[in-house]
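Given these sequences and hints, build the entire structure.
These protein sequences, in sequence, are chains A and B. Going by our numbering, the letters in the first sequence line up with residues 1 to 493, in that order. Going by our numbering, the letters in the second sequence line up with residues 1 to 493, in that order.
It is worth saying that the hints were derived from the structure and are not from the lab. Backbone N, C-alpha and C fix where the C-beta goes; we use that ideal spot for every residue, glycine too. Any given hint might turn out to be false.
As the list claims (entries may be wrong) - Pairs of lysine-lysine, PhoX-like flavour, derived with a Cα cap of 25 Å:
1) 435(A) x 477(A)
2) 435(A) x 36(B)
3) 446(B) x 435(B)
4) 435(A) x 26(B)
5) 435(B) x 38(A)
6) 435(A) x 38(B)
7) 36(A) x 435(B)
8) 217(B) x 187(B)
9) 435(B) x 26(A)
Said to hold, decoys possible - Beyond 12 Å from chain B on every Cβ pair, some chain A residues (computed):
10) 19
11) 138
12) 427
13) 459
14) 492
Number of protein chains: 2
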Amino acid sequence: MFPSSQLPHMLSKGDFDLLETQLREKLLDAQYDLVKEKSAAILVLINGSDGAGKGEVINRLYEWLDDHFVETLCYAEPSEEERARPPAWRYWRDMPAKGRIGLVLGSWHHNILRARALGILDKVSYAAALDEINRNEQMLRLEGVHLLKIWLALDEDEARRRFKNKHKVISALKRPLVTEWAEIKGKKAAQRLNEAAQEMIELTSTGDAPWSVVPAKNPHYRDAAVGDLLLQTLINTASFPEGIRTPHVSSAPTSALPKPSLSARLDLTASINAETYVHALNDLQNRLNAATKSKKFSKKGLVILFEGNDAAGKGGAIRRVREALDPRRFRVIGVSAPTDEERARPYLWRFWRQIPRRGNVTIFDRSWYGRVLVERVEGFAVRDQWMRAYQEINDFERQLNEANYCVIKFWLAISPDEQLNRFRSREAEAYKRHKLTPEDWRNREKWPSYEEAMTDMIDRTSFNHAPWTLVEANDKKYARIKVLKTIVERLEV
Amino acid sequence: MFPSSQLPHMLSKGDFDLLETQLREKLLDAQYDLVKEKSAAILVLINGSDGAGKGEVINRLYEWLDDHFVETLCYAEPSEEERARPPAWRYWRDMPAKGRIGLVLGSWHHNILRARALGILDKVSYAAALDEINRNEQMLRLEGVHLLKIWLALDEDEARRRFKNKHKVISALKRPLVTEWAEIKGKKAAQRLNEAAQEMIELTSTGDAPWSVVPAKNPHYRDAAVGDLLLQTLINTASFPEGIRTPHVSSAPTSALPKPSLSARLDLTASINAETYVHALNDLQNRLNAATKSKKFSKKGLVILFEGNDAAGKGGAIRRVREALDPRRFRVIGVSAPTDEERARPYLWRFWRQIPRRGNVTIFDRSWYGRVLVERVEGFAVRDQWMRAYQEINDFERQLNEANYCVIKFWLAISPDEQLNRFRSREAEAYKRHKLTPEDWRNREKWPSYEEAMTDMIDRTSFNHAPWTLVEANDKKYARIKVLKTIVERLEV
Numbered sequence: 001m002f003p004s005s006q007l008p009h010m011l012s013k014g015d016f017d018l019l020e021t022q023l024r025e026k027l028l029d030a031q032y033d034l035v036k037e038k039s040a041a042i043l044v045l046i047n048g049s050d051g052a053g054k055g056e057v058i059n060r061l062y063e064w065l066d067d068h069f070v071e072t073l074c075y076a077e078p079s080e081e082e083r084a085r086p087p088a089w090r091y092w093r094d095m096p097a098k099g100r101i102g103l104v105l106g107s108w109h110h111n112i113l114r115a116r117a118l119g120i121l122d123k124v125s126y127a128a129a130l131d132e133i134n135r136n137e138q139m140l141r142l143e144g145v146h147l148l149k150i151w152l153a154l155d156e157d158e159a160r161r162r163f164k165n166k167h168k169v170i171s172a173l174k175r176p177l178v179t180e181w182a183e184i185k186g187k188k189a190a191q192r193l194n195e196a197a198q199e200m201i202e203l204t205s206t207g208d209a210p211w212s213v214v215p216a217k218n219p220h221y222r223d224a225a226v227g228d229l230l231l232q233t234l235i236n237t238a239s240f241p242e243g244i245r246t247p248h249v250s251s252a253p254t255s256a257l258p259k260p261s262l263s264a265r266l267d268l269t270a271s272i273n274a275e276t277y278v279h280a281l282n283d284l285q286n287r288l289n290a291a292t293k294s295k296k297f298s299k300k301g302l303v304i305l306f307e308g309n310d311a312a313g314k315g316g317a318i319r320r321v322r323e324a325l326d327p328r329r330f331r332v333i334g335v336s337a338p339t340d341e342e343r344a345r346p347y348l349w350r351f352w353r354q355i356p357r358r359g360n361v362t363i364f365d366r367s368w369y370g371r372v373l374v375e376r377v378e379g380f381a382v383r384d385q386w387m388r389a390y391q392e393i394n395d396f397e398r399q400l401n402e403a404n405y406c407v408i409k410f411w412l413a414i415s416p417d418e419q420l421n422r423f424r425s426r427e428a429e430a431y432k433r434h435k436l437t438p439e440d441w442r443n444r445e446k447w448p449s450y451e452e453a454m455t456d457m458i459d460r461t462s463f464n465h466a467p468w469t470l471v472e473a474n475d476k477k478y479a480r481i482k483v484l485k486t487i488v489e490r491l492e493v
Numbered sequence: 001m002f003p004s005s006q007l008p009h010m011l012s013k014g015d016f017d018l019l020e021t022q023l024r025e026k027l028l029d030a031q032y033d034l035v036k037e038k039s040a041a042i043l044v045l046i047n048g049s050d051g052a053g054k055g056e057v058i059n060r061l062y063e064w065l066d067d068h069f070v071e072t073l074c075y076a077e078p079s080e081e082e083r084a085r086p087p088a089w090r091y092w093r094d095m096p097a098k099g100r101i102g103l104v105l106g107s108w109h110h111n112i113l114r115a116r117a118l119g120i121l122d123k124v125s126y127a128a129a130l131d132e133i134n135r136n137e138q139m140l141r142l143e144g145v146h147l148l149k150i151w152l153a154l155d156e157d158e159a160r161r162r163f164k165n166k167h168k169v170i171s172a173l174k175r176p177l178v179t180e181w182a183e184i185k186g187k188k189a190a191q192r193l194n195e196a197a198q199e200m201i202e203l204t205s206t207g208d209a210p211w212s213v214v215p216a217k218n219p220h221y222r223d224a225a226v227g228d229l230l231l232q233t234l235i236n237t238a239s240f241p242e243g244i245r246t247p248h249v250s251s252a253p254t255s256a257l258p259k260p261s262l263s264a265r266l267d268l269t270a271s272i273n274a275e276t277y278v279h280a281l282n283d284l285q286n287r288l289n290a291a292t293k294s295k296k297f298s299k300k301g302l303v304i305l306f307e308g309n310d311a312a313g314k315g316g317a318i319r320r321v322r323e324a325l326d327p328r329r330f331r332v333i334g335v336s337a338p339t340d341e342e343r344a345r346p347y348l349w350r351f352w353r354q355i356p357r358r359g360n361v362t363i364f365d366r367s368w369y370g371r372v373l374v375e376r377v378e379g380f381a382v383r384d385q386w387m388r389a390y391q392e393i394n395d396f397e398r399q400l401n402e403a404n405y406c407v408i409k410f411w412l413a414i415s416p417d418e419q420l421n422r423f424r425s426r427e428a429e430a431y432k433r434h435k436l437t438p439e440d441w442r443n444r445e446k447w448p449s450y451e452e453a454m455t456d457m458i459d460r461t462s463f464n465h466a467p468w469t470l471v472e473a474n475d476k477k478y479a480r481i482k483v484l485k486t487i488v489e490r491l492e493v
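Okay, here's the thing in structure tokens:
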């Protein structure tokens with residue numbers, strides 16, 4: 001594999017020392033620019049054959065950089081906390097803030113590559129998995145996490161020789177040998193690993209986040225090459241300021257033609273009488289309680305989100321759901337302005353950190369859809385950001401679904417007249433006055449824009465694994481019953 | 001126990017309904033004040049006999065409050081991630097931010113109470129454990145986490161009766177029964193639990209954080225009483241603004257008399273020649289590497305912190321330590337300004353969140369001692385805050401020590417002349433210019449104040465389990481060797 005890596009790549013000690021002095025100074029300068037500007041986070045993914053020197057490369061980078069702004073992220077077998085959540089959760093948890101450099105051992109490519117080398121994944125599934133990685137990496141890059149993906153290449157004979165000499169290497173260099181491929185032994189298997197790696201590098205070398213194959217036989221060459229690549233990455237990051245880094249993102253929704261409003265099609269007169277309500281409420285809460293206590297549920301996670309017009313009754317609906325749940329096992333998250341730790345990371349980070357363990361429930365009052373609703377309408381996100389958010393959100397929800405999470409999404413719709421009534425009654429009642437802010441009145445004026453954003457959102461994010469439920473909410477009782485019924489029916493399947 | 005709780009405490013449904021309407025409105029008002037002012041976080045610790053209705057009380061509080069700013073914190077058996085760290089880590093991890101209310105099931109009292117009821121702790125150890133809790137709770141309160149400690153009391157006959165009727169209770173109320181005391185069955189054992197609880201309530205009812213014993217036989221009375229207590233707590237919090245909440249904290253260091261400077265006693269001419277240095281460095285790094293790879297180490301955590309004069313060579317010393325460590329198992333934390341999530345929580349939170357799993361190392365470049373050094377000298381902390389910090393820090397380090405963490409603390413000392421030389425050479429060398437800021441020059445002018453703060457610090461925080469090592473650092477090589485030697489000797493014991 002990698003024909004050029006078979007050619008001799010040498011750097012003498014003397015040449016290396018000369019190079020190092022300059023490289024080091026430039027790296028530090030570039031790193032401090034990154035620290036100061038906080039323009040992006042850098043992830044250096046260090047992959048490669050066993051014995052290629054992953055640990056040594058990391059040590060070298062620590063030597064060259066200011067270690068206060070560097071962290072090693074190392075993923076081996078998942079812990080119990082990690083296994084209780086979707087696979088990507090641990091990568092999201094450790095996401096470095098902007099201004100920092102993460103050195104990643106055992107990145108998201110690792111398990112897939114391993115499965116392919118062991119023959120667990122066929123070619124088609126492998127390609128699909130890599131495709132998902134591509135989308136994810138593109139999202140990271142656009143959200144300000146720049147990737148430097150390094151493959152330290154050894155030819156197979158050299159790799160085997162080093163593996164055998166493992167103990168000698170350790171004692172000579174005082175360095176740990178990073179061993180990832182213990183199961184993949186023998187010439188044939190090593191060959192399969194190299195083939196899988198080559199396939200991976202082909203399929204995930206996008207223009208934005210290409211793989212850099214670094215011949216690793218000569219340590220001086222290897223380290224200098226990695227240092228040089230990192231320097232380039234840092235310089236590119238600095239010259240790629242936020243906001244204008246998305247030159248060509250895809251097709252806009254056609255805004256030339258008038259668009260049918262989805263909520264205009266709802267029958268908002270739907271209602272329910274008080275007696276039916278009490279009975280149905282009692283019955284559904286009991287069923288929800290039972291469903292979330294079942295043995296089956298302990299292997300599931302439940303994520304429920306509420307969006308809707310202001311004053312549509314999200315809080316009241318959430319309360320009826322919450323009442324049926326064990327207070328030790330749910331959390332209600334009101335989504336408002338992000339904290340500074342959240343702003344320093346990709347948009348979805350603040351939702352990932354709230355994903356419950358299996359057996360638990362998180363209820364989001366407003367959600368990640370803020371990106372394509374309020375942030376779109378108010379201009380907090382630029383067009384390219386909210387346009388790509390649809391796919392990012394779909395990917396996020398699919399990951400939850402694949403990890404056995406049930407994602408239930410409600411849009412609570414009321415008519416403009418009903419909203420006006422509710423605003424007025426909120427003004428009147430002391431009890432509810434906290435619920436009305438000047439912002440609510442301002443939002444009301446933008447009703448048509450919100451309708452359009454909502455219609456686009458439903459169009460683009462309705463899938464079998466995470467469908468939207470539109471809830472006619474002019475009658476609060478009707479809405480609450482519909483919400484509970486939807487949840488119970490999804491869980492009782 | 002609790003004679004008054006044996007008396008009938010009744011509230012009829014009608015009286016409760018009347019009371020509830022008012023209570024609820026006042027609670028919401030007070031909660032929104034808390035949310036707006038962010039003056040404190042409130043922890044409501046809900047403890048009591050099995051069957052007293054802990055779960056029901058929590059549900060009631062959710063009903064009355066705005067659930068967006070409430071969270072349930074529930075501690076049962078520790079998870080693997082939790083067991084890999086000191087016992088208090090999980091409480092620190094979940095600390096609610098200011099403006100929020102946490103409802104705590106299974107607080108830090110729980111295990112101690114259980115151990116006492118089962119006869120595992122004798123009276124003296126029990127008192128000592130409770131004393132530690134008192135100090136910890138006082139610290140929380142002073143750092144803006146107000147505690148409402150509730151004991152839901154049932155007499156023993158009633159408790160036993162409810163426990164037997166468990167299943168009936170659940171189906172009637174659709175509520176989970178919170179069972180904590182499964183091992184403590186039978187009349188005798190229940191009596192012992194009540195006795196231990198009474199002892200606990202006596203010994204941990206401080207003036208700042210008293211226990212409230214709430215008779216729990218009548219649910220209406222119980223819920224109204226808890227609601228009323230929470231309302232009082234919220235109102236007290238609002239009237240207790242930050243900064244002036246520490247009227248009488250103890251003895252100041254005697255500043256009338258001239259104080260001997262600790263670092264003046266050091267022989268700063270200590271040095272080492274280049275050849276000895278190379279050999280010792282190599283030997284010590286090998287030993288450190290071996291010690292941190294030993295099987296014994298996997299059950300230990302290592303926390304190393306560096307304080308010292310500016311330009312004393314902390315970075316260089318850290319680098320020599322780091323080089324010997326597995327990059328997957330250490331992290332270097334440069335302590336600088338706190339994030340907003342950190343500022344919203346008690347001072348020590350940002351260090352607790354960095355405590356490594358056992359088998360791992362965290363190196364702090366500057367540390368929690370900032371409270372009694374820079375924050376004291378620059379006036380960022382008021383006198384009472386840094387005065388009590390000595391004890392808080394000692395408690396923190398003792399907890400680490402008891403959880404089998406090795407805490408190693410270095411003060412790197414240089415002379416004023418040597419500092420001046422180093423500042424000048426930093427100005428001259430491009431390579432090092434990032435290391436010098438105008439602040440360094442300002443700090444230099446305050447040398448005597450820093451000396452005084454440092455002397456007080458060493459005096460007040462040197463204990464067998466976490467002693468300070470003063471390092472003569474005019475000669476960098478000498479300092480590095482002393483640092484490495486100290487660490488190796490602590491680990492090799």
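Verification of the supplied hints:
| no. | hint | verdict |
| --- | --- | --- |
| 1 | 435(A) x 477(A) | holds (19 Å) |
| 2 | 435(A) x 36(B) | holds (13 Å) |
| 3 | 446(B) x 435(B) | holds (19 Å) |
| 4 | 435(A) x 26(B) | holds (15 Å) |
| 5 | 435(B) x 38(A) | holds (18 Å) |
| 6 | 435(A) x 38(B) | holds (18 Å) |
| 7 | 36(A) x 435(B) | holds (14 Å) |
| 8 | 217(B) x 187(B) | holds (18 Å) |
| 9 | 435(B) x 26(A) | holds (15 Å) |
| 10 | 19 | holds (15 Å) |
| 11 | 138 | holds (28 Å) |
| 12 | 427 | holds (16 Å) |
| 13 | 459 | holds (29 Å) |
| 14 | 492 | holds (17 Å) |
Hint compliance for this structure: every hint is met.
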